[in-house]
Every structure is written in C-alpha cells, then in structure tokens.
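Colleague: Each chain, written out:
There are 2 protein chains.
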Amino acid sequence: MSSQETKAKIIKISAELFNTKGYFGTSISDVMKATGLKKGGIYNHFQSKEELALAAFDYAFQQVSKRTLKVLKKKTSAKDRLLAILTNFLSYIDDPPVTGGCPILNTAIESDDAHPALQKKALAAMDSLCNLICRIIAKGIAKGEINPNTNPDEVASIIVCTVEGAIMMSKLYRDPIHLNRAIKHLSQYIETNL
Amino acid sequence: MSSQETKAKIIKISAELFNTKGYFGTSISDVMKATGLKKGGIYNHFQSKEELALAAFDYAFQQVSKRTLKVLKKKTSAKDRLLAILTNFLSYIDDPPVTGGCPILNTAIESDDAHPALQKKALAAMDSLCNLICRIIAKGIAKGEINPNTNPDEVASIIVCTVEGAIMMSKLYRDPIHLNRAIKHLSQYIETNL
Chain H
14 MSSQETKAKI
24 IKISAELFNT
34 KGYFGTSISD
44 VMKATGLKKG
54 GIYNHFQSKE
64 ELALAAFDYA
74 FQQVSKRTLK
84 VLKKKTSAKD
94 RLLAILTNFL
104 SYIDDPPVTG
114 GCPILNTAIE
124 SDDAHPALQK
134 KALAAMDSLC
144 NLICRIIAKG
154 IAKGEINPNT
164 NPDEVASIIV
174 CTVEGAIMMS
184 KLYRDPIHLN
194 RAIKHLSQYI
204 ETNL
Chain S
14 MSSQETKAKI
24 IKISAELFNT
34 KGYFGTSISD
44 VMKATGLKKG
54 GIYNHFQSKE
64 ELALAAFDYA
74 FQQVSKRTLK
84 VLKKKTSAKD
94 RLLAILTNFL
104 SYIDDPPVTG
114 GCPILNTAIE
124 SDDAHPALQK
134 KALAAMDSLC
144 NLICRIIAKG
154 IAKGEINPNT
164 NPDEVASIIV
174 CTVEGAIMMS
184 KLYRDPIHLN
194 RAIKHLSQYI
204 ETNL
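Protein sequences, first through last, are from chains H and S. Quick note: the first sequence, position 41, residue 54 per the working numbering, numbers continuous. Quick note: the second sequence, position 161, residue 174 per the working numbering, numbers continuous.
No wet-lab data here; the hints were simulated from the structure. A hint or two may mislead.
Chain copies aren't distinguished; within one or between two, either way the pair holds.
Calculated cross-link-like contacts (lysine to any residue; reagent style SDA-like; alpha-carbon spacing at most 25 Å) [unchecked claim]:
id	residue 1	residue 2
1	Lys133	Thr100
2	Lys152	Asp108
3	Lys152	Ile190
4	Lys34	Arg148
5	Lys62	Ile41
6	Lys87	Ala97
7	Lys62	Ile190
8	Lys51	Ser15
9	Lys20	Tyr202
10	Lys152	Asp166
11	Lys133	Asp188
12	Lys86	Thr48
13	Lys156	Gln60
14	Lys52	Ser40
15	Lys46	Pro129
16	Lys92	Glu29
17	Lys197	Thr163
18	Lys86	Gly49
19	Lys88	His58
20	Lys197	Cys147
21	Lys46	Leu85
22	Lys62	Asp188
23	Lys20	Lys86
24	Lys197	Gly38
25	Lys152	Ile26
26	Lys133	Gly53
27	Lys62	Ile154
28	Lys156	Ala21
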C-alpha cells in the first residue's frame with residue numbers, strides 16, 4: 014500500500030469512528046486498532062488527532078455531497094429536486110454515507126460549545142446544504158415552478174431543521190418512523206406552500 | 014456544606030459540563046476544576062464518571078421538565094398548551110434550563126452509537142416529552158378543541174423533530190433565526206392541521 018493509500022485508509026476509517034463515537038469519544042488508540050497501524054504510522058500522516066479529525070470531517074462531508082449530487086442528477090423541476098433531497102435522507106438510517114448517521118449533525122452538536130475548528134467545518138458544510146436548497150428554490154421561482162412569494166432561506170431552514178431533528182429521533186429510537194413522518198410532512202409543506 | 018449539599022453541587026456543575034463538552038469531552042479533572050473538589054471528594058459520592066453522568070442527566074432532565082410544567086400552568090386549551098411548549102424552546106438559546114442547550118438532544122446524539130446507558134436515559138426523557146404532547150392532543154380531541162382525525166404520535170414526532178433540529182441549527186449558527194422560523198412554521202401547522 015502506497016503512503017497516499019495508507020493516508021486515505023486512515024481518513025476513511027477515522028471518519029467512521031468520529032461519526033460513531035464522536036471526536037472526544039475517539040482516541041488515537043481506537044484509530045490504531047481499527048486501521049491495524051502503529052502510532053507512528055498514523056502520526057507519520059497527521060500531526061495530531063485534531064488534524065486527523067478535520068481531514069476526516071472533510072472526507073465525510075464529501076461522501077454526503079456525492080450522494081446528494083447523485084440523487085439530483087435525474088431530477089429537473091425544482092420541486093422534484095427538493096423531494097429528491099428529502100428522500101435521500103431516508104438512507105441515512107439504513108445506509109448512511111458514513112457509518113454513524115449525519116456527520117454534519119453529529120459534528121455540529123459535539124463541537125458547538127467545545128471545539129471551534131470542528132464547529133467551523135460543520136457550519137461551512139451546513140451552509141453548503143442550505144445554499145443548495147436556496148439555489149434550487151431561486152431557480153424554481155425564476156422558471157415559474159415555485160410561488161414567487163417563497164422565501165428560500167426560510168424554506169431551507171425548515172427543511173434542514175426538520176430532517177436533521179428527525180435523523181436524531183430515528184437514530185435514538187432505532188426506528189425510521191420519525192424520519193418517514195418528517196419527510197411526509199415536508200413533502201406536503203413543499204407541495205402546498207411553495 | 015453538608016455531604017448532601019456537596020453531592021448536589023457536583024451534580025449541578027457536572028450537568029453543565031456534560032451538556033457543554035459532552036460525556037466523552039468531560040473528564041473527572043474538569044469536574045474537579047469546576048467544583049474546586051479533590052478527586053476523593055468526587056469519588057466519595059460517585060463510583061465512576063458514568064455514575065456521575067447518569068445522575069447529571071437525571072438532574073438536567075428535571076430542570077427541563079420543571080421549566081415545561083411552569084409554562085403550561087397558565088394555559089388551558091390544548092392548542093395554547095402546544096404553543097406554550099413551542100415558545101418555551103426559544104429560551105433554550107439565550108437562557109437554557111441547563112447551560113449548553115437541550116440535554117436530551119445533546120445526549121441523544123452523543124450516546125446513540127456510543128453509550129447504551131446514557132442512550133436509555135435520553136430515550137426515556139424523549140418519550141416523556143413526546144407523551145406529554147400526545148396527552149395534550151388526546152385531551153384536546155376529547156374536549157372537541159382539536160380535529161378528531163389528528164394522529165397524536167405523528168404530530169408529536171413532527172414537533173419534536175423540528176424543534177430539536179432547530180435548536181441544533183441555532184446553536185451552530187449562534188443565531189436564533191432558525192428556531193424562530195421553526196416555531197413560526199409549527200405554530201401555523203398546529204393552527205391549520207389540528
């Protein structure tokens with residue numbers, strides 16, 4: 014395995030650990046155990062646990078983004094694109110982009126009062142999700158598919174709050190029903206309000 | 014200070030630490046520093062960090078429940094009671110029942126894949142919140158204040174998912190706008206759908 018492949022393997026495995034056990038709940042010993050590498054083999058690529066966690070978050074967000082762009086590919090109308098984003102979140106329970114659920118949600122909760130560098134990463138990732146929804150709505154308004162009185166920021170806020178809260182609930186209860194109800198509610202909201 | 018007062022002080026201060034830095038992010042050294050006690054003074058009351066964390070969560074949830082019951086006291090109609098529960102969550106940003114935001118949300122996210130005993134506590138607390146909402150709706154249906162076709166479990170799910178997701182967003186962005194939008198959205202949902 015080349016040095017670059019080893020680095021990529023450390024990042025991928027760490028992203029799953031951080032997304033499952035959290036930043037503070039994951040130790041370098043956990044990373045050593047999961048990767049089968051010695052301490053030197055990890056510190057050879059990353060100066061600190063923090064540097065590794067920031068790289069792991071970037072990787073996790075890349076996986077999230079890839080999955081979202083994939084489901085959007087075949088959808089053309091603004092409402093279909095919003096519904097595709099919603100439906101995509103259903104996979105976060107049974108087959109998440111990174112084991113452990115939504116990395117933006119998990120990192121936001123853990124870092125907001127405790128880790129400014131990770132908080133900044135979570136914020137940028139959340140901005141990217143909100144901006145994607147805003148752009149779809151703005152384009153939908155321009156094309157006459159969406160009510161011109163719609164406030165894109167407000168809708169993005171409602172969608173993201175509801176879906177992320179529902180992922181938390183469905184993971185807590187180990188039952189997809191909360192996410193299913195949230196998606197049904199948001200679909201009706203999009204159909205009738207936008 | 015009596016032994017019981019010392020124990021109560023450790024619990025209160027630890028609840029704030031755990032709710033801010035998380036279970037894994039809080040060490041016994043942090044608790045020693047914040048309480049001004051020596052290690053023995055803490056282990057005299059709690060056998061382990063886990064035992065302390067479970068007691069701290071019980072205390073945190075007590076604070077949440079007290080605040081909720083207080084805002085419900087003056088409200089009689091079912092819809093007013095639901096709106097009072099919603100409005101109460103606004104205080105979670107500027108003046109939370111326990112420093113660090115919503116302890117049920119924070120503990121749910123951190124524990125779901127990583128700490129079964131805390132996960133069980135978070136689940137019971139979330140059940141209690143959902144059941145309170147369900148009981149208000151059922152009573153409202155019985156009194157003819159709420160549409161009899163309303164599904165209490167579904168409404169409780171939508172309210173809790175949206176509010177908890179919005180607390181996460183408003184804490185991440187350090188901006189109450191997301192929680193304000195979520196509460197406005199849910200108020201309209203309650204007015205028009207229930």
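Colleague: All hints, please: hold or fail.
Modeller: Going through the hints against the structure:
1. Lys133 x Thr100: For Lys133 and Thr100, the Cα distance exceeds 25 Å both inside one copy (27 Å) and across copies (28 Å).
2. Lys152 x Asp108: neither (30 Å within a copy, 39 Å between copies)
3. Lys152 x Ile190: between (32 Å within a copy, 24 Å between copies)
4. Lys34 x Arg148: neither (34 Å within a copy, 35 Å between copies)
5. Lys62 x Ile41: The answer is both: 7 Å in one copy and 21 Å across copies each meet 25 Å.
6. Lys87 x Ala97: So Lys87 and Ala97 pass the 25 Å test inside one copy only (9 Å; across, 43 Å).
7. Lys62 x Ile190: Answer is neither: 36 Å inside a copy and 34 Å across each miss the 25 Å cutoff.
8. Lys51 x Ser15: Answer is within; shortest intra-copy Cα gap is 16 Å, inter-copy 49 Å.
9. Lys20 x Tyr202: This pair counts as neither: shortest intra-copy Cα distance 44 Å, inter-copy 49 Å.
10. Lys152 x Asp166: Only inside one copy: Lys152 and Asp166 sit 13 Å apart there, 36 Å across copies, limit 25 Å.
11. Lys133 x Asp188: between (31 Å within a copy, 14 Å between copies)
12. Lys86 x Thr48: Intra 34 Å, inter 55 Å, cutoff 25 Å: neither.
13. Lys156 x Gln60: Classified as neither: same-chain Cα gap 50 Å, cross-chain 64 Å, threshold 25 Å.
14. Lys52 x Ser40: Result: close both inside a copy and across copies, 11 Å intra and 23 Å inter.
15. Lys46 x Pro129: between (27 Å within a copy, 22 Å between copies)
16. Lys92 x Glu29: neither (32 Å within a copy, 43 Å between copies)
17. Lys197 x Thr163: both (20 Å within a copy, 15 Å between copies)
18. Lys86 x Gly49: This pair counts as neither: shortest intra-copy Cα distance 38 Å, inter-copy 58 Å.
19. Lys88 x His58: This pair counts as neither: shortest intra-copy Cα distance 40 Å, inter-copy 60 Å.
20. Lys197 x Cys147: both (20 Å within a copy, 19 Å between copies)
21. Lys46 x Leu85: So Lys46 and Leu85 fail the 25 Å test inside a copy (37 Å) and across (51 Å) alike.
22. Lys62 x Asp188: neither (33 Å within a copy, 29 Å between copies)
23. Lys20 x Lys86: Answer is neither: 31 Å inside a copy and 58 Å across each miss the 25 Å cutoff.
24. Lys197 x Gly38: neither (34 Å within a copy, 36 Å between copies)
25. Lys152 x Ile26: For Lys152 and Ile26, the Cα distance exceeds 25 Å both inside one copy (38 Å) and across copies (50 Å).
26. Lys133 x Gly53: For Lys133 and Gly53, the Cα distance exceeds 25 Å both inside one copy (28 Å) and across copies (38 Å).
27. Lys62 x Ile154: The answer is neither: 45 Å in one copy and 54 Å across copies each exceed 25 Å.
28. Lys156 x Ala21: Neither way: Lys156 and Ala21 sit 42 Å apart in one copy and 61 Å across, limit 25 Å.
The structure is inconsistent with the numbered hints 1, 2, 4, 7, 9, 12, 13, 16, 18, 19, 21, 22, 23, 24, 25, 26, 27, 28, although it conforms to all the rest.
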